[in-house]
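**Student:** Here the protein sequences come in this chain order: P and W. So the first sequence is residues 383 to 733, counted in our numbering. So the second sequence is residues 383 to 733, counted in our numbering.
Note that these hints are calculated values from the structure, not bench results. Incorrect hints may appear among the rest.
Only some residues are given here: those of chain P computed to face chain W with a beta carbon under 7 angstroms [claimed, not checked]:
1. ARG390
2. LYS391
3. THR395
4. ALA507
5. GLU511
6. TRP514
7. ALA542
8. PRO560
9. ARG562
10. ASP578
11. VAL581
12. CYS583
13. ASP584
14. THR630
15. ALA632
Capping the alpha-carbon separation at 30 angstroms, the derived lysine-lysine pairs in DSS-like fashion look like this [to be verified]:
16. LYS410/W / LYS391/W
17. LYS391/W / LYS410/P
18. LYS391/W / LYS506/W
19. LYS391/W / LYS577/P
20. LYS407/P / LYS461/P
21. LYS592/P / LYS410/W
22. LYS592/P / LYS577/W
23. LYS391/P / LYS407/P
24. LYS391/P / LYS461/W
25. LYS407/W / LYS592/P
26. LYS391/P / LYS407/W
27. LYS410/P / LYS391/P
28. LYS410/W / LYS461/W
29. LYS577/P / LYS592/P
30. LYS461/W / LYS407/P
31. LYS577/W / LYS506/W
32. LYS577/W / LYS391/P
33. LYS592/W / LYS577/W
34. LYS391/P / LYS461/P
35. LYS506/P / LYS577/P
36. LYS391/W / LYS407/W
All values derive from a computational prediction rather than experimental measurement. Each residue gets a CB set at the ideal place from its N, CA and C atoms; glycine is no exception.
2 protein chains.
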Amino acid sequence: MSEVSELRKDPITGRWVIIATERNKRPKEYSTLRGESRPGICPFCPGNESMTPGEVYRFSPSGGGPLAEDWWVRVVPNKYPALVSEGEVTRRAEGMYDLIHGVGAHEVIIETAEHQAPLASLTKAHMREVLWAYRSRIEEHSRDPRVGYVLIFKNHGPAAGASLEHPHTQLIATPIIPIRVREELRGAENYHEYKDRCVFCDMIGQEERKPLRVVEESSHFVAMNPYASRFPFETWILPRFHASHFDTLARSESDDLADILRRTLGRIWNALDDPPFNFMLHVAPPRNPGLAYYHWHIEIIPTLTTVAGFEWGSGFFINPTPPEEACRYLRAASWEVPRPRAGEPARVAGA
Amino acid sequence: MSEVSELRKDPITGRWVIIATERNKRPKEYSTLRGESRPGICPFCPGNESMTPGEVYRFSPSGGGPLAEDWWVRVVPNKYPALVSEGEVTRRAEGMYDLIHGVGAHEVIIETAEHQAPLASLTKAHMREVLWAYRSRIEEHSRDPRVGYVLIFKNHGPAAGASLEHPHTQLIATPIIPIRVREELRGAENYHEYKDRCVFCDMIGQEERKPLRVVEESSHFVAMNPYASRFPFETWILPRFHASHFDTLARSESDDLADILRRTLGRIWNALDDPPFNFMLHVAPPRNPGLAYYHWHIEIIPTLTTVAGFEWGSGFFINPTPPEEACRYLRAASWEVPRPRAGEPARVAGA
């Protein structure tokens, strides 16, 4: 077994998987799934910065350096990376199979110093700095010629795959363009070839003309429940202007995005009582500036249903709440999420 | 809102979703996900046959009719169907979006009368009758010209999406060919065009020449951990002979399949301590007999990891146990699963 992860390709569908050969989890180690928790010291809380070596980004409102203790946002390497950045991308065959050595990157964006402050409770100014950290890290990794794609995603709550409670987002840079991204790119390109218009721009146009599924609107962005929502309360945020890449976002736009993101997450929080959720930032691959057919967006999916045999076997999803109904509930909910009280001690436990 | 489910198409990727408009679940109804359980009378236990009206199939070793109480296997309509069989398939547009009314079928195959007897604990003769029920129902639905695909799948354990504890499999017939099936068909067809060989036959050949990932072998079948396993301990069972459709299975082959299926499920059961799992029977769409490029198979996926933002956003899966290691553990495990003791009262609770 090699030291780094292997990317292996399914010879039937062309889907790639990451085989984390260095972890090599034994059967008994999977029992953590059955409700056991891992208490301990939170490595993302202030004072424990030395537990996360190799800080690659920091925002402090005072403009302080790496020793300043008033940081709002930090970015550090993931301690258990799915992919590592050392080495060259090597491709080879194993008989009929295809293999790539798992070069890439895996980082954690710590959204706030406050262990108890969920993303939706951050101030607009603070949320903007979280988004700016996303933008900066995407920009940085996009310069690496070995990188095929940069994915930003967030897991909130154990049921949505979060292994630490402290609010954080993750970044994974992969040496190839992932299959779901290729599917979106291909579909959007086909539509553009046929219509000479962006499919996402057309969706926004139709939703705004007859707003059955629009949750929030601002000068630059719209939040909506997509017509073919896979999951109940699935919500997308899209720029109303056409843009394929996130790293061209202007400072004024990030202000507006910060506002609509916290309002949207706040409505989901209140309508569903702090549900576990994932969000993913879908962008075009690097080094393809200004694609006419692709439109970046954020997909938020609360974890309310269980993905089971039917979904795995078919790719069909069964959604028991029509998006029009989800939209009604979200619009009726408050968007304000209470901040933790000042002086309230942060729990120092992993989840 | 209409009475039947709607199939809606995502305009970007072409992926279809089933919007269960008649259920229309409100936010509070999703709280069952957070560990609440629903006790009650098991509708699948003997004596409660009247709770499942409209039985469409039954196997009794005595050959008894619908009143015989010695049944081994029954097939009944799902009480909360994702798709219903009445009506015509109607297709229409909603602006730029595409919609099909959700005609199809949703059935439950009750695998045994014994509430406490997991599939892996059934005798070979009993397991064969479960497989024969799959075959018969696929054959039956394949005759319906409105049916585009018939998927057989099983959810075992609440974490894998089972809402009832009594051992059962499900069947969903859909009016279109699901996207994951189309991807497999397309990939397998491309490979066949290029090589003039079936990709599945080639995989079996490579695995048998160098058996690093072969869990079980019988005269007609092989069970193996695929090279690019998405999930830890993912295991496939394939016929060693080429066949695209399950409903051409001969009686002697079903005997052999029954044996390898219970041995494989038994090894998974013992190696992982009765894990939650899904399995899916992948077959070619009906009315395409004898496809040279497609090869039916069963995919078994234990639910050991949480699918989260990275997987949803990329379609990449991170598998922390290499299939070669999974295979070692499965081969070292016993395949025997104890039968519940005779006379032990069945718990009559849903999970």
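**Student:** None of the hints should be skipped; say for each whether it holds.
**Tutor:** Status of each hint after checking the structure:
Because the closest C-beta pair between ARG390/P and chain W is about 4 angstroms apart, less than 7 angstroms, the hint holds. Because the smallest distance between the Cβ of LYS391/P and any Cβ of chain W comes to about 6 angstroms, under 7 angstroms, the interface hint for this residue holds. Against a cut-off of 7 angstroms between C-beta atoms, the interface hint on THR395/P holds, since the closest Cβ of chain W lies about 5 angstroms away. Because the smallest distance between the Cβ of ALA507/P and any Cβ of chain W comes to about 25 angstroms, over 7 angstroms, the interface hint for this residue is violated.
Hint status for GLU511/P: violated, given a least beta-carbon distance of 21 angstroms to chain W, over 7 angstroms. A distance limit of 7 angstroms between C-beta atoms decides the matter here; for TRP514/P the minimum to chain W is near 20 angstroms, and the interface restraint is violated. A hinted interface residue such as ALA542/P counts as satisfied when its beta carbon comes closer than 7 angstroms to some beta carbon of chain W; here the least separation is about 6 angstroms, so the hint holds. Because the closest C-beta pair between PRO560/P and chain W is about 3 angstroms apart, less than 7 angstroms, the hint holds.
Because the beta carbon of ARG562/P sits about 3 angstroms from the nearest beta carbon in chain W, less than 7 angstroms, this interface hint is met. Against a cut-off of 7 angstroms between C-beta atoms, the interface hint on ASP578/P is violated, since the closest Cβ of chain W lies about 14 angstroms away. The criterion of a C-beta within 7 angstroms of any C-beta in chain W is met by VAL581/P, whose closest approach is roughly 5 angstroms, and the hint holds. For the restraint placing CYS583/P at the interface with chain W, the shortest Cβ-Cβ distance is roughly 11 angstroms, beyond the 7 angstroms limit, so the hint is violated.
For ASP584/P, the interface hint holds, the least distance from its beta-carbon to any beta-carbon of chain W being 5 angstroms, beneath 7 angstroms. For THR630/P, the shortest C-beta to C-beta distance to chain W is roughly 20 angstroms, which exceeds 7 angstroms, and the interface hint is violated. For ALA632/P, the interface hint is violated, since its Cβ never comes within 7 angstroms of a Cβ in chain W; the closest pair sits about 24 angstroms apart. Between the alpha carbons of LYS410/W and LYS391/W the distance comes to roughly 27 angstroms, so the proposed pair stays at or under 30 angstroms and holds.
For the given pair, LYS391/W sits about 41 angstroms from LYS410/P by alpha-carbon distance, which is inconsistent with the 30 angstroms threshold. Between LYS391/W and LYS506/W the alpha-carbon distance is near 42 angstroms, which puts this suggested pair outside the 30 angstroms criterion. Annotation: proposed proximity of LYS391/W to LYS577/P holds, straight-line Cα distance about 18 angstroms (limit 30 angstroms). The hinted pair formed by LYS407/P and LYS461/P meets the criterion: a straight-line CA distance of about 16 angstroms does not exceed 30 angstroms.
Between LYS592/P and LYS410/W the CA atoms are separated by roughly 28 angstroms; this keeps the pair inside 30 angstroms, and the hint holds. Taken as a hint, the LYS592/P and LYS577/W pair is broken in the structure, with Cα atoms around 51 angstroms apart against an allowance of 30 angstroms. Between LYS391/P and LYS407/P the CA atoms are separated by roughly 21 angstroms; this keeps the pair inside 30 angstroms, and the hint holds. For a cut-off of 30 angstroms, the pair hint linking LYS391/P to LYS461/W is broken: about 40 angstroms separates their Cα positions.
The suggested pairing of LYS407/W with LYS592/P holds, with an alpha-carbon distance near 23 angstroms, which does not exceed 30 angstroms. Between LYS391/P and LYS407/W the CA atoms are separated by roughly 38 angstroms; this puts the pair beyond 30 angstroms, and the hint is violated. Taken as a hint, the LYS410/P and LYS391/P pair is honoured in the structure, with Cα atoms around 27 angstroms apart against an allowance of 30 angstroms. As the CA atoms of LYS410/W and LYS461/W are separated by approximately 22 angstroms, the hinted pair is consistent with the 30 angstroms bound.
Between the alpha carbons of LYS577/P and LYS592/P the distance comes to roughly 21 angstroms, so the proposed pair stays at or under 30 angstroms and holds. Proposed proximity of LYS461/W and LYS407/P is contradicted: the alpha carbons are some 40 angstroms apart, above 30 angstroms. For the suggested pair LYS577/W and LYS506/W, the alpha carbons sit about 38 angstroms apart, so the restraint of at most 30 angstroms is broken. This hinted pair checks out: LYS577/W and LYS391/P have alpha carbons roughly 18 angstroms apart, not beyond 30 angstroms.
Taken as a hint, the LYS592/W and LYS577/W pair is honoured in the structure, with Cα atoms around 21 angstroms apart against an allowance of 30 angstroms. Restraint check: the Cα-Cα separation between LYS391/P and LYS461/P comes to about 26 angstroms, which is no more than 30 angstroms; the hinted pair holds. Annotation: proposed proximity of LYS506/P to LYS577/P is violated, straight-line Cα distance about 38 angstroms (limit 30 angstroms). Proposed proximity of LYS391/W and LYS407/W is supported: the alpha carbons are some 21 angstroms apart, at most 30 angstroms.
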